[in-house]
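K.L.:
Use the sequences and the hints to build the structure in full.
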Amino acid sequence: MGVIHRLSEGTINRIAAGEVVERPASAVKELIENALDAGARHIDIIISGGGRDLIRITDDGCGMSPEDLALAIERHATSKLRVDETGREDLLDIATLGFRGEALPSIGAVARLSILSRVVGSDAAHRVTVEGGHVSPVEPAAGPMGTRIEVRDLFFATPARLKFLKGERAETLAVTDIVKRLAMAHPEVAFSLTSEARNILRLEAEMPGEVGRLGRLGAIMGRDFAENALAIEAMREGIALTGFAGLPTYNRGTAQMQFLFVNGRPVRDKLVIGAVRGAYADYLARDRHPAVALFVDLDPREVDVNVHPAKSEVRFRDAGLVRGLIVGALRHALHEAGHRASTTVADAALGALRPVAQPAFSSGGFTRSYAPMQTPGVAETAPKWQGAFADLGGQAARVVTEAATDAPPPAENLPLGVARGQLHETYIVAQTADGIVIVDQHAAHERLVYERMKKAMAERGVTRQILLIPEVVELDEAEAERLAARAGELAELGFVLEGFGSGAVVVREVPAIFGKLDVGGLVRDLADDLSEMDEALSLKEKLEDVCGTIACHGSVRSGRRLTAEEMNALLREMEATPHSGQCNHGRPTYVELKLTDIERLFGRR
Amino acid sequence: MKITIERGALLKSLNHVQSVVERRNTIPILSNVLIKAEDGQLSLTATDLDIEVVESIDADVAQKGATTAPAHTLYDIVRKLPDGAQVELSTGADEGRLQLTAGRSRFALQALPQEDFPAMAAGQLPHHFDLPAEAMRRLIDKTRFAISTEETRYYLNGIYLHAVESGKAGVLRAVATDGHRLAQVDHDLPAGASGMPGVIVPRKTVLELQKLLEGNAGTISVGVSETKIRFEFAGVVLTSKLIDGTFPDYGRVIPADNDKIMQVDGKRFAEAVDRVSTISTEKSRAVKLNLDEGRLTLSVTNPDSGSATEELSVSYSSTPLEIGFNARYLLDITGQLDGAEATFALADSGSPTLVRDSDDEKAIYVLMPMRV
Chain W
85 MGVIHRLSEG
95 TINRIAAGEV
105 VERPASAVKE
115 LIENALDAGA
125 RHIDIIISGG
135 GRDLIRITDD
145 GCGMSPEDLA
155 LAIERHATSK
165 LRVDETGRED
175 LLDIATLGFR
185 GEALPSIGAV
195 ARLSILSRVV
205 GSDAAHRVTV
215 EGGHVSPVEP
225 AAGPMGTRIE
235 VRDLFFATPA
245 RLKFLKGERA
255 ETLAVTDIVK
265 RLAMAHPEVA
275 FSLTSEARNI
285 LRLEAEMPGE
295 VGRLGRLGAI
305 MGRDFAENAL
315 AIEAMREGIA
325 LTGFAGLPTY
335 NRGTAQMQFL
345 FVNGRPVRDK
355 LVIGAVRGAY
365 ADYLARDRHP
375 AVALFVDLDP
385 REVDVNVHPA
395 KSEVRFRDAG
405 LVRGLIVGAL
415 RHALHEAGHR
425 ASTTVADAAL
435 GALRPVAQPA
445 FSSGGFTRSY
455 APMQTPGVAE
465 TAPKWQGAFA
475 DLGGQAARVV
485 TEAATDAPPP
495 AENLPLGVAR
505 GQLHETYIVA
515 QTADGIVIVD
525 QHAAHERLVY
535 ERMKKAMAER
545 GVTRQILLIP
555 EVVELDEAEA
565 ERLAARAGEL
575 AELGFVLEGF
585 GSGAVVVREV
595 PAIFGKLDVG
605 GLVRDLADDL
615 SEMDEALSLK
625 EKLEDVCGTI
635 ACHGSVRSGR
645 RLTAEEMNAL
655 LREMEATPHS
665 GQCNHGRPTY
675 VELKLTDIER
685 LFGRR
Chain Z
108 MKITIERGAL
118 LKSLNHVQSV
128 VERRNTIPIL
138 SNVLIKAEDG
148 QLSLTATDLD
158 IEVVESIDAD
168 VAQKGATTAP
178 AHTLYDIVRK
188 LPDGAQVELS
198 TGADEGRLQL
208 TAGRSRFALQ
218 ALPQEDFPAM
228 AAGQLPHHFD
238 LPAEAMRRLI
248 DKTRFAISTE
258 ETRYYLNGIY
268 LHAVESGKAG
278 VLRAVATDGH
288 RLAQVDHDLP
298 AGASGMPGVI
308 VPRKTVLELQ
318 KLLEGNAGTI
328 SVGVSETKIR
338 FEFAGVVLTS
348 KLIDGTFPDY
358 GRVIPADNDK
368 IMQVDGKRFA
378 EAVDRVSTIS
388 TEKSRAVKLN
398 LDEGRLTLSV
408 TNPDSGSATE
418 ELSVSYSSTP
428 LEIGFNARYL
438 LDITGQLDGA
448 EATFALADSG
458 SPTLVRDSDD
468 EKAIYVLMPM
478 RV
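Heads up: the sequence lines are chains W and Z, in that order. The opening position of the first sequence corresponds to residue 85 in our numbering, with each subsequent residue numbered one higher. The opening position of the second sequence corresponds to residue 108 in our numbering, with each subsequent residue numbered one higher.
A few of these clues could be false.
Stated by the list, open to error - Lysine to any residue pairs mimicking SDA-like chemistry, simulated, CA-CA at most 25 Å apart: (1) K395/Z - R536/W; (2) K539/W - D439/Z; (3) K538/W - I386/Z; (4) K600/W - S328/Z; (5) K538/W - S414/Z; (6) K600/W - R310/Z; (7) K600/W - G352/Z; (8) K318/Z - S328/Z; (9) K275/Z - S412/Z; (10) K395/Z - R544/W; (11) K600/W - I361/Z; (12) K626/W - D411/Z; (13) K600/W - D439/Z; (14) K600/W - F252/Z.
Honestly, the hints are just simulated from the structure, not real lab data. Computed from a prediction, not measured in an experiment: that's the story for all the values here.
P.N.:
The following block contains the structure:
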């Protein structure tokens, strides 16, 4: 007797289920996608026990007829692949979220599944139930328009999987995350998520278009994001990129606030991480991450979504093009943003002022109300209120009398206003048409010097030192080939190398600005960058790092007294220089406080 | 132990040995200097486990003995004592301390037992030769600037000392390079050096040796093995480990047929380079050389601060050439030239350039241009 035998249908389904339904969140994702494909306007999700005990998803989509219901729970049955004239399904032309026809049977194989559906216009609903793969016949039932799917005791048929689930909290979080991602992609659909009778998420349907999308993103990523986001819009060769990117000063410690949607499908792709890092490299320190939500829409035939059963990965036919589009659009938007710094900066400053300002009213002490008027950073280092008070007449608050008395230029047309004074020989205070601006003179000037150096480098190219003894660096073959293939691009950055047999490159010229350099280390970093992110980030970062250090040494330090002319010149140059709103590490160079904010501080409003 | 010694003699020797001692140590005894008194001699030993310096001086030994004391502290104390003072060093009944008395000053320094002091085993040094101090100084002074400080190519962090056949006679050759420029200095092969292995003398050893050789006119006896080198002269013995690595085949990068010859007054050239490079503020400090019939134009352009040019009359009769160099590298090399004339042998703007002293055929410098 042979040792090989066919697996039973039930086992096949359970194995398939393992790929598609990995955890409760993936079941939720499949079911919501079905609802979206059915054209639902309102999707209600109820979970219990982190989705293990119960997932109930109710939509108002097109519904299914009894015949469809019976077919829906069979494997590889779907309404979503069109059959073309030759009688074959076209897997290249996928316009819906689902298409594999795996979700429902897979869930049915490992859980107690019940589907209740009523087709629009029909007068009766029907129900079908599947328990661990055992299908009960379709029966009439009472129900509203649309479909309600109930999944109970997920993974009861596969105890091994059940054992490997995380805690209830973690699973609930995962479900919330997936609902959020799908909701971001579909602002026109209302979502509600309830767990253990607690409403976690309630999202009203938004208007179509950019406004609605920003509204939905704000509702999910936080209102701060909506206020500090730049609209992205770009189009190239049939690929449309829209979305929003956060200002560099609105940054995060992790890359979790970076979302990519391809044709309405949330995906996690290394491509976006690399592209975003490349675009922001100039504005953020390495360990800070911007918040972005990007939507790529392209001909379904240009992208392969059939890479992974859970469809969280996609493959672009021309990944370089998509990448270039993202980097280009982000850079353009950031460039346009010029010197804008995020409002969270001003909010943080006001937040720091407020709590101390409150008791000043009750005690009525002048000295105490003066102290908090300093910027938070100074307040820490300055002696307490006595010191601050003594400084009032001293050198710290040096009012620019010239600027105040000599008819100052009109502040209305100057975004950063007219300098009124210098505090602690570190901060410039300027008056604008409707508020005040506090500038960190060192950070601001450093950025200006840095931008100037970068411009010079872009115009003249990078000066290269030719090596007397070229350095051979051993790599693995693929890495060496990748590096050699990009030699032209690297040469523009001052790094000349060529292939050296198989599995090695020889470096002939290096940027002179580096001085003594660990060539081998840099080449290996570059090889890693190219394989992971398809861009020579290490080299750019190192160039920027050196420029940054030079800029730091070549700029006005804290503690330098500035005349009114110098301060105003600095402000004007900041207005004229792109990206002057943050220093090289993503910290703001200035904080703007609106008059209304200040009035609120004093209880005038 | 009890000895008396004149302050000046002690200070000079302490100065020699203490510079080997690192400022911070994880092994406490490495901060100490070993003091040994026997038969009218005081010997001081310091080490960082890679280099060991022993210096012996005459002293009035009342009682033999040995101990160790913090090198830098001891040096600072002796330095601050008045000129001509008689210093008395002793370990009394209390073995844990070193007593230092000079005039009315008295110090008691924490001592560590001399048995714990690490001794460097030099092993067999099969190759021996003698070299005038003057020659040794020249070999290292003129090559030192090119030693690499970049740690990954550790085999470039020193001077490569080896014997080679050059023409009829052999030479003792010192070579240093950092991958951007190279310096090579020869000296007539001393007796006994012909079979020596090529050794890489570490940078720190070179610096120490340079300090010790200062104002020394005698003869140095050098002992070499595969792993160690020892220099002995005037009561000083410096033993050092060698860099364990292979020095690159430097001969290949020394251009043999650069035919565009420029001769220029070395001092005036250096001054001009220094002047025009004032304009460049960047780290790269690129200076451009435009060569034409009998004329050299140096120029620097910096969009931020302006530009500078200076013309020099030189002897040059080949086709015009434009080539860029790092100004600092040029100055480093011209700083080594003693003669009046510097000779540049060039090929093109992307190939190595050979520089030599018109009076000194035995020292050559190779410099790689920059692309500007």
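K.L.:
Run every hint past the structure and note whether it holds.
P.N.:
Results of checking the hints against the structure:
1. K395/Z - R536/W: holds (23 Å)
2. K539/W - D439/Z: violated (31 Å)
3. K538/W - I386/Z: holds (19 Å)
4. K600/W - S328/Z: Violated, at about 35 Å.
5. K538/W - S414/Z: holds (19 Å)
6. K600/W - R310/Z: Holds - the C-alpha atoms of R310/Z and K600/W are around 16 Å apart, at most 25 Å.
7. K600/W - G352/Z: holds (20 Å)
8. K318/Z - S328/Z: Holds, at roughly 17 Å.
9. K275/Z - S412/Z: Roughly 54 Å between the alpha carbons, so the hint for K275/Z and S412/Z is violated.
10. K395/Z - R544/W: holds (15 Å)
11. K600/W - I361/Z: holds (21 Å)
12. K626/W - D411/Z: holds (22 Å)
13. K600/W - D439/Z: This hinted pair holds, its Cα atoms lying about 15 Å apart.
14. K600/W - F252/Z: Answer holds: K600/W to F252/Z is near 14 Å, not above 25 Å.
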